[in-house]
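Asker: Okay, here's what each chain looks like letter by letter:
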Amino acid sequence: MSLAVDIAGLRLKHPVMNASGILGSYREHIARLASYGVSAVVTKTITPKPREGYNPPIIVELPTGGLLNAVGLENPGKDIVEELVSEAKKFRIPIIVSVGGRNEEEFVEVAVKADTSNADAVELNLSCPHAKGYGIEIGSDPHIVYNVVKAVSSTVKIPVIAKLGLCDKVVDSAIKALEAGARALTLINTVKAMYIDVYTAKPFLTNIFGGLSGPPIHPIAVRVVYEVYRETKAEIIGCGGIYDWATAAEMILAGARAVQVGTALMKNPREVVENIVKGLRLWIEMLSLQSIEQAVGLAHKL
Amino acid sequence: MSLAVDIAGLRLKHPVMNASGILGSYREHIARLASYGVSAVVTKTITPKPREGYNPPIIVELPTGGLLNAVGLENPGKDIVEELVSEAKKFRIPIIVSVGGRNEEEFVEVAVKADTSNADAVELNLSCPHAKGYGIEIGSDPHIVYNVVKAVSSTVKIPVIAKLGLCDKVVDSAIKALEAGARALTLINTVKAMYIDVYTAKPFLTNIFGGLSGPPIHPIAVRVVYEVYRETKAEIIGCGGIYDWATAAEMILAGARAVQVGTALMKNPREVVENIVKGLRLWIEMLSLQSIEQAVGLAHKL
Amino acid sequence: MPLIPARILYIENLAENTYRLAVKPLYRVEDVKPFNFFMVWVPRVDEIPLSIAYRRRDVIEFLFKVRGEGTRKLSTLYPGNLIALKGPLGRGFVVENDLENILVLAGGIGIAPIPFFISRSRYRRLDLVWGVRERGELFNLKNLYPEISEKFSLIIVTEDCSYGICGTVLDALRSIDINAYSIILAVGPTAMLSKVCEYVKGNNVYVALGTMVKCGLGICGSCYIKSSTKLLCIEGPVFSCNEVGYHLRESVDS
Amino acid sequence: MPLIPARILYIENLAENTYRLAVKPLYRVEDVKPFNFFMVWVPRVDEIPLSIAYRRRDVIEFLFKVRGEGTRKLSTLYPGNLIALKGPLGRGFVVENDLENILVLAGGIGIAPIPFFISRSRYRRLDLVWGVRERGELFNLKNLYPEISEKFSLIIVTEDCSYGICGTVLDALRSIDINAYSIILAVGPTAMLSKVCEYVKGNNVYVALGTMVKCGLGICGSCYIKSSTKLLCIEGPVFSCNEVGYHLRESVDS
Ligand SMILES: Cc1cc2nc3c(=O)[nH]c(=O)nc-3n(C[C@H](O)[C@H](O)[C@H](O)COP(=O)(O)OP(=O)(O)OC[C@H]3O[C@@H](n4cnc5c(N)ncnc54)[C@H](O)[C@@H]3O)c2cc1C
Ligand SMILES: Cc1cc2nc3c(=O)[nH]c(=O)nc-3n(C[C@H](O)[C@H](O)[C@H](O)COP(=O)(O)OP(=O)(O)OC[C@H]3O[C@@H](n4cnc5c(N)ncnc54)[C@H](O)[C@@H]3O)c2cc1C
Ligand SMILES: Cc1cc2nc3c(=O)[nH]c(=O)nc-3n(C[C@H](O)[C@H](O)[C@H](O)COP(=O)(O)O)c2cc1C
Ligand SMILES: Cc1cc2nc3c(=O)[nH]c(=O)nc-3n(C[C@H](O)[C@H](O)[C@H](O)COP(=O)(O)O)c2cc1C
Ligand code: FES
Ligand code: FES
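Protein chains in written order, with the working numbering: chain A, 1 to 302; chain B, 1001 to 1302; chain C, 2001 to 2254; chain D, 3001 to 3254.
Isolated chain A, as found in the complex (with noise of 0.2 angstroms):
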């Protein structure tokens, strides 16, 4: 019984990776992922040049569930790519970069870079919902979609990984994504969402609007993943309210074949990930399958 599977041409040993954004923008930061036992790291979303990212208060925890962030994409700048890539190499895990940026040269700058370096592959970030320039203005237009990846795609040899959000077009952007040669889909980013202070009436994230993560938006990170899924019979990293075994299965089973935690990672992200593994393992054997791959996109035959 095996639970390692085939993404964008990487092979990994379990399909549990953390989320970009989750630490991921230092040397320091890529050992402590390695640790929590994720079978490839993903970095923070780098930028070309060094972003400071807002002022706190940049995140907090929602009394309804879930997370709201505003980093603002801080990050050092395409230069660390390489000090991060040698890191993971130290560890023997697969590194995907996540690569920002506002327009086509931005991305394929910090991509090339990535590619040199030696990384895994590259997770273009299309989809942040709170930087402006970077996000999701993007991610919602199949045909920017379609440029980026293409003029990232046809210049890198590392495979690219397009990351969407949740909007009205995703399954279009999605299908241009694939067209302009993305070798697989991470689903989704964080929703755009705000936490007002109800004692002050004030927002509370110095941005306003943030990004929500967590529980709460793995009902909906699932629907996108089944609808692309239906759509493209594309290879699909689902992301987004995973914190056990079962909001993972529920994302292989709508057509990921990896997965990628952020929110949980907060709390005993060592405990998460292993729970997550150990419990897929017992769940496939459960189901009476023989590789976790079998389960791929399972909830569409009905």
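Hint data in this document are derived by calculation from the structure and do not stem from the laboratory.
Treat the hints with care, as some may be off.
[Stated by the list, open to error] Quick list of simulated restraints, FRET-style, between CB atoms: (1) D:M3212 / A:N268: 19 to 27 angstroms; (2) B:P1050 / C:R2044: 24 to 32 angstroms; (3) D:R3125 / A:N55: 39 to 47 angstroms.
Being a predicted model, the structure only gives us computed values, none of them experimental.
The beta-carbon is built from N, C-alpha and C at its ideal position, and this holds for glycine as well.
Keeping the supplied structure of chain A fixed, place chains B, C and D with the ligands upon it in accordance with the hints.
Answerer: Just chains B, C and D with the ligands now, kept in the frame of chain A:
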């Protein structure tokens, strides 16, 4: 200190009504809703002809929080409207008839029935995420929104409220609805989502997709209310995940003059409504305001 | 209360179109009371309300009759198959008073909740009248639930006179001295319940209704009681005749 | 752990740019330990990490120095104003062993967590060396927290020799017999901590770091310890010198 609000020309003794689809199809439902203590009753969405809705399962509480439903706009058709209105009048409580349709004519048909039955307002459901042809396809296209709202508001005398859901262009749709004569907006409906049972590897709902409601969507709904209020200063009824005074207060601070409660009426509905109303009163006092209307949109004053 | 996956332990044909289903929930189920029911998910086919017929530690039993697509499919599942339960739903109904004399009238598969009701209730005496159309619908209740076999006396009535007393439950009722009972409880087809409520007046007469149940959560309203603000899935399924007289009359007519 | 609104009870200027802030959370706060900290929200201005300086029943006290916009604005708030707390964060650090002799070295506002540390710890003896640049930065610790005034002896050091011993905390440390202590704990500017870790070797030397804290939840990574997999907001802020030697050297150089 007053909790009374004016919304769409209706004077309500406090801001809390039920959301459409929580009961509201039969005379008996109206009486039950009245007993919950709401300041106005909103009917189930009524279409010209009776609709059977989907076969069970149509609803499920999710392990990640909230409710997923695909009732499929089951309703007894427009002939029920008179009975619903006259029942509400017995309790001297304003009644808002939720209207559904596949095209302008159908919306007008039901709205006229509401008008001639002396309903206090109609709420056009432009945003159901799971009833094909009846919902979010309409609300996510600002032009269609304009046409439907215009058709209804130029035909009926009673106030028209447009209910919109989460979509990329929700602000544009809101602007169009107001231009077309909507007196107020209800924001938001449920969010398209799904749930897969991992033990049988099958989608749970008969309809596969459903609408997510309850606390998980609250921060998204507050964001939509905030954005729409910022751009339009419209009269807004906030809806989505409200279950206590604080979740209601957030909506009001974001720009809502009134709120609707759906999912939270599942358990102890009388207490839920009473606690929200009581809590809002104490909150207004804490903020040293004279009336709840003074709190509307206060989060925009940074 | 999220769904609870449950594994089928056995499924047994007891009588004509009548099945006994035992399931073992994979997670802990909240405390259940007699007349609580579950929405039972038959994957990709239906979700149907079934009363708890019996509970032995972590095994829950149902008794059901094949009616349509959902119950038919359920009857064809195998031990080991997984279904899912939503519940316990409804308010439950139990008697806990050693002074009561109870008359239970069950019509057809209306027998389903009775074993659990008997097992959990305390009373002085309980007489159960179980009426069916013909003997093929019968099964041996006392053998099935030996733990409660001493707790009640059973009178069987068949409409075609193929077994026991000849006639309907109502016929049997007419020959019974109802003043001997402090509680009368009827479960069965609406027409039968309606007649019971007409025949015996009083606050101590209860009926378990069977309206359409679509959500089970008090939201969709499909289970409303006519001319009442009550919902079966919240305040039911057991009501006193006073509460549902109008509903019963209207439902039978239509 | 969602935000906890808290009302300012009083805010007092203790010394040059130094304030004492007491707040009453509107909801129950989890149990707090010494060296836990809160992210303190100054509405629409900033969110800043502040150590718990003291806790009396449901009142939480902070001691803070004005550094930039956030702390400046905080210092101008009034009693009755509302702020919000995120926490308690970090792992906490407390001594609970009657045999220990503890030497605490506090530089400047590094004194902030010490009153609570003293109040919650058990030990044989605790000597506190508090160093500041000039006497204007000082305030009367023992008067402020009379409950703990007997639990430690205080040595004050000023760099400009305006009060107490003349010199830096490091100068004072050099004149102390460090072998008399089983635990040494230093809180203050990075340069000071770095020198402490260089001067006293051993597993029993601890420093409370002050990296950038942006999320406090172990997610953003802004509080990482150089050449370590540790995060201050999760495993800190107190570390043994062994764990953070490289970090301290690097941070001081840059
Ligand atoms: C609280 C409650 C407890 C019940 N307990 C039992 C039980 O323990 N054993 C048992 O055999 N039956 C019980 N029933 C009845 C049972 O739910 C129906 O027989 C079953 O839902 C029929 O489903 P179907 O798909 O097989 O038939 P369908 O083809 O759906 O319908 C056949 C007939 O059954 C009735 N029915 C259908 N759906 C429902 C529904 N959701 N709720 C109520 N009635 C419905 C209708 O009158 C319909 O004409 C109970 C009903 C209720 C409301
Ligand atoms: C765990 C911890 C506990 C602390 N406890 C206290 C305390 O009890 N009393 C006290 O006076 N100070 C304490 N500090 C330091 C305090 O958080 C900073 O002085 C404060 O954040 C400065 O904010 P500002 O907006 O006023 O200044 P800014 O203008 O933002 O910055 C001024 C300087 O303060 C430092 N700083 C700024 N933001 C942060 C941050 N988020 N985290 C860490 N350092 C920062 C930087 O070095 C910067 O140069 C603590 C810091 C940490 C990490
Ligand atoms: C604090 C934080 C920072 C994030 N930063 C990024 C980022 O830089 N790039 C990106 O593609 N996604 C980012 N995300 C989104 C996550 O990668 C993920 O898509 C989202 O959080 C949903 O997954 P979750 O529910 O498991 O957290 C961030 C999320 C959080 C909570
Ligand atoms: C079971 C159910 C049925 C609903 N039916 C309708 C409907 O008929 N028309 C409508 O406009 N909204 C309908 N809604 C959406 C609600 O009115 C509301 O917009 C949504 O549930 C969010 O509010 P909540 O989180 O308070 O439930 C329904 C919601 C639920 C849960
Ligand atoms: S079944 Fe939906 S309200 Fe009772
Ligand atoms: S402050 Fe964000 S990880 Fe520690």
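Asker: Each of the hints needs a verdict: does it hold here or not?
Answerer: Hint check results:
For the pair D:M3212 and A:N268, the supplied restraint of 19 to 27 angstroms holds, since their beta-carbon distance comes to about 24 angstroms. At roughly 26 angstroms, the beta carbons of B:P1050 and C:R2044 sit within the given window of 24 to 32 angstroms. About 43 angstroms separates the C-beta atoms of D:R3125 and A:N55, a value consistent with the hinted range of 39 to 47 angstroms.
Hint compliance for this structure: every hint is met.
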